[in-house]
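Take the given structure of chain L and dock chain E to it, following the hints.
If you read the protein sequences in the order shown, they are chains L and E. Residue numbers for the first sequence follow our numbering, so the first one is 1 and each next one is one higher. Residue numbers for the second sequence follow our numbering, so the first one is 1 and each next one is one higher.
Check each hint, because a few of them may be wrong.
Unchecked claim - A few chain L residues that face chain E, going by a derived Cβ cut-off under 7 Å, partial list only:
#, residue
1, Leu-562
2, Ile-563
3, Leu-584
Claimed, not checked - Reference listing, derived: stretches of chain E covered by chain L, where coverage requires no fewer than 3 residues with Cβ under 8 Å from a Cβ of chain L:
#, stretch
4, 493-503
5, 554-565
It is worth saying that the hints were derived from the structure and are not from the lab. On a predicted model such as this, the values are computed, not experimentally measured, just so you know. No residue lacks a Cβ here, since even glycine has one placed at the ideal position from N, Cα and C.
2 protein chains.
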Amino acid sequence: MATTYFSKRNLQFLLHEVFKAEELTKYDYFSAHDRETFNLVLDSATYIADTLMHPYLKDIDKNQPELKNGQVTVHPKVKEYLKAVGEAGLIGAGFPFEHGGQQLPEMISSCVGFILMAANNGMMYTGLTSGAAHLITSFGSPELSETYVPNMLAGTWQGTMALTEPQAGSSLSDVTTSATPLPDDQFGPGAYKIKGQKVFISAGDHDAVENIVHLMLARIDGAPKGTKGISLFVVPKYRPDGNGGFVDNDVTSTGVYHKMGQKGVPAMHLTMGTNDDTIGYIVGQPHQGLPYMFQMMNEARIGVGMTAAAIATAAYHAALEYAKERPQSRRLNQKNLLDAPQTPIINHPDVRRMLLFQKAVTEGSLSLLIEAARLYDISEVAEGGEKENAFLLLDLLMPVAKSYPSEMGVQSVSQSLQTFGGYGFTEDFPVEQLYRDIRITPIYEGTTGIQAQDLLGRKMTIKGGKAPQLLFAEISKLIAEASTFDDLKPYADQLTAELKRTQEVMASLMPHAQKGDIERYLSDATLFLEMFGIVVIAWQWLKQAVVAKQLLLTQNPQGDDLIFYEGKIHTMKFFFHYEVPKTLGLAVRLKDTEVLTIVTEKELAL
Amino acid sequence: MATTYFSKRNLQFLLHEVFKAEELTKYDYFSAHDRETFNLVLDSATYIADTLMHPYLKDIDKNQPELKNGQVTVHPKVKEYLKAVGEAGLIGAGFPFEHGGQQLPEMISSCVGFILMAANNGMMYTGLTSGAAHLITSFGSPELSETYVPNMLAGTWQGTMALTEPQAGSSLSDVTTSATPLPDDQFGPGAYKIKGQKVFISAGDHDAVENIVHLMLARIDGAPKGTKGISLFVVPKYRPDGNGGFVDNDVTSTGVYHKMGQKGVPAMHLTMGTNDDTIGYIVGQPHQGLPYMFQMMNEARIGVGMTAAAIATAAYHAALEYAKERPQSRRLNQKNLLDAPQTPIINHPDVRRMLLFQKAVTEGSLSLLIEAARLYDISEVAEGGEKENAFLLLDLLMPVAKSYPSEMGVQSVSQSLQTFGGYGFTEDFPVEQLYRDIRITPIYEGTTGIQAQDLLGRKMTIKGGKAPQLLFAEISKLIAEASTFDDLKPYADQLTAELKRTQEVMASLMPHAQKGDIERYLSDATLFLEMFGIVVIAWQWLKQAVVAKQLLLTQNPQGDDLIFYEGKIHTMKFFFHYEVPKTLGLAVRLKDTEVLTIVTEKELAL
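Here chain L stands alone, though its shape is the one from the complex:
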């Protein structure tokens, strides 16, 4: 088992040296905190990760949840873990004091998630609970909050997001779960009878908690068709009986999916209303379910991105450890020295290239995700133009912050596995598990294809393209800063060229959108997302390099710090020399006028 699964030094660098987390404490909402309280929370997460999570990485994978007699049993350590994170205040880290939270920035609480998921992503329970509880505190009545949130944040009740249905995966407008209003005097105001099915509900049932609280999308009888007729409900496994007790709410665990990875968390198929006795409590206003969900989407997608970055980071550190220890062959310039001992494989350029690729992808991803979390925080607590701009920029970056860490994370873990050679394919090392685990992340919370349509189809064009203008202005500011350092200038210039390339691609695509041919406009949207993602991560790497350079010049660091900053600049260069050139081919295809995705089923099948 690898002993290191993330770099504390790198997390400190990003949070404090690059993104200056403490600056957020100038806003009233975060004013109770400082660098020290931020770090205390991260230490507390690390302690739980070290003691209650990482040691059970394999064990969780080997003992997947089973459904027996209508009840799902999960690994016994899950309960212990949930209790510990609840007691440490980590589930409610981002919640306001009034709800029992710590009122910490998303910058910090998303990094808590990063640490926990790097230790053992098979214990992915608490992000779901805080997401669900956040929907209640944001849009639900005070009564709903009182009834459900304290136990959720304590880790004794589980929260879920119950969106997907068998016939409606990515298409939420086709949700058919029904909600029939009940008279106020029966189950109190806002109660509905719920009937329908949900699939792929992560943590949708298990025995490590006393209750499960589903935040469920359903359609009130007679509601408008499509996305405008969907409402949000709290549907608990056990509902209050009105006398201080709880009764079964007729939510049946119909099945548990057996998955390739993330086996520690049950993905449930649930049936509501088998005995016509499932009650749901409306959250906020009728027909506002999707807008509510979408307001939570950025937070949820930061969570998925963090999970992907965390898994890839853990795999990278495992590969690095192995590469330092495993002797194999002689160096390429000393092939004939048969008497020489074999050299650790880290001395082979191809292995170093694989490791640098992993470092570039994982640290670039984490940097972007912390940037996104920072924008999220500002969009929540700032005012006026600052708030609006942060929100626009966050919205634009979100498809990248969700899909780059997941898509490139899959490739990064594949390179971690390759570093191990044949051993990587065996259960003797953790990478085969991480390779299976991470593969769900390009699917969770909107597949990469959906993210691409969101980016090109909405975020690039809303408000007359104001969001990309803001981003380009941000990037240009950094380019100006980087250009003042001789050795960073070539990379600043390269990034300028990438911005120009991106604009050219947009210019060649826009006429399709203007003509209303959205299918043509979006036909290569996934490639656009890939290209845009490389540019965005290049920006993040140049940003890290500028900070490292400034610290090298002003602080005269020694020892590990010196090496760390030099390593940052080196990895930035690697990213620009190996990853950025990929935009060349992508741009050629994106500007290409020949449409090739029109093809018949038979042409594909024969």
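Positioned in the frame of chain L, the structure of chain E alone reads:
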């Protein structure tokens, strides 16, 4: 379970219409055959694949081999399958009549492997047996052949390749298993006492056969160091007792690896000589083990490439089937028609792009592998310059034919899985298994890094670069042919540009080799392999398109044939528009003068 796992039409197209398999029958060795006997063998393989393999795909995965009381138990269907392929003559398909074979070309027998592995790659037993038997018939004494080969080809004895040792993975020069000569009168001439350990021995022990025959590398006492002191031995699990019976040969199953995929085949850790009683019988001359092995390497690597192409093909057909049936959302230009039924996902451009990518990768891979098998056949049976050129060309193409199908196959199956959305991650469909299975192929028989060093470090330069000259001449011939068709001419021109780009890259790399700085010369060899692979597959696609075009013009095909040929030309275009532009970025990096793979351990670790 997907009902189609490969396209018979495509296999017929490649074998007979593109590569004209029957032309091989002009050589004496293959003269007993014709198109009909070729197809009969393929039909026989398809029957076994349909009835004894494909139905057990999941079951084989779910019931992995276990080691108990020193004996490995495998799925009961393995025995039935081995008997059937043995009786059908498929294990010995490529062997000469004198050894009980069918004297079929590798073109046909490798396609037999393709069909079997597409059906169920968890039953990957017979390719190992025929490879091992081939070593015996090629280099061993007649006595060894008589003793071992008939039972191996009958499927009642298993063959293995026993190369890898715990301390010597990719570095065969560090093999330490020892061989001590024995007097001729004890166990007959050529007997040695064997002592050592081997790891990752596929099918290294199991209960579906009566004996296991290891073709094992070991070092005779006092042999020269390095690769020049390694010899090849037959080391059976049960050895002849000299009286017509067999006795235990002290080969201990020390452990069975638990793997991420290909779970049907046990990967064994074996110990020889625990009781100082393991006898090995030398194959051919002492110290010639590695040259013998390397003469078999092309065949073995075609086998790995075929396995990868087969797995990716099965995943593609599963994804295609699902995409035709699964309704989700409306077409992008009809998003607001809420009353319209959902459309099958194959109608979304992004899904069609994913499917075309899979078709382009899998059919391009299969085409190259059949090309390689054809060259193998000619290099075996032709004479003089024809033989030599075929061998040189094969040798050059081999690193690509092994690594392109495996590396790009991994990506292709990932896109198959993505086509299924969340369902792809579950055990309800076969893709999650295929995703796990195929991941070993970039590691088997020399990792991608090793293939890259082989290509750039040897094959591009031996005999003054004669091999790439031959390839470029072949490609230029095809370009000339393609240029005669108006609609293929742009692609012929594009391929010309790619040849030029490849030459420029070589020109910029060569000075490092000439200076003897091999480490620098090979530092980005894997990227060179990737770029070279794209060019080679582009050649294969243009070749297929030319044949399709010719048949469209001369045969006036109707119905499915018309659609099939048009689909071929369409997919060629897809490959040129989406995949070929990737060489742009790769060439930029390869011509880049800045070395970035020099980095310290600490820079990576902190």
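Hint-by-hint comparison with the structure:
1. Leu-562: violated (10 Å)
2. Ile-563: Check passed: Cβ of Ile-563(L) comes within 5 Å of chain E, closer than 7 Å.
3. Leu-584: The hint holds - Leu-584(L) has a Cβ within 7 Å of chain E, the shortest such distance being about 4 Å.
4. 493-503: violated (count 0)
5. 554-565: That given contact holds, which follows from 3 residues of the stretch 554-565 of chain E lying within Cβ reach (below 8 Å) of chain L.
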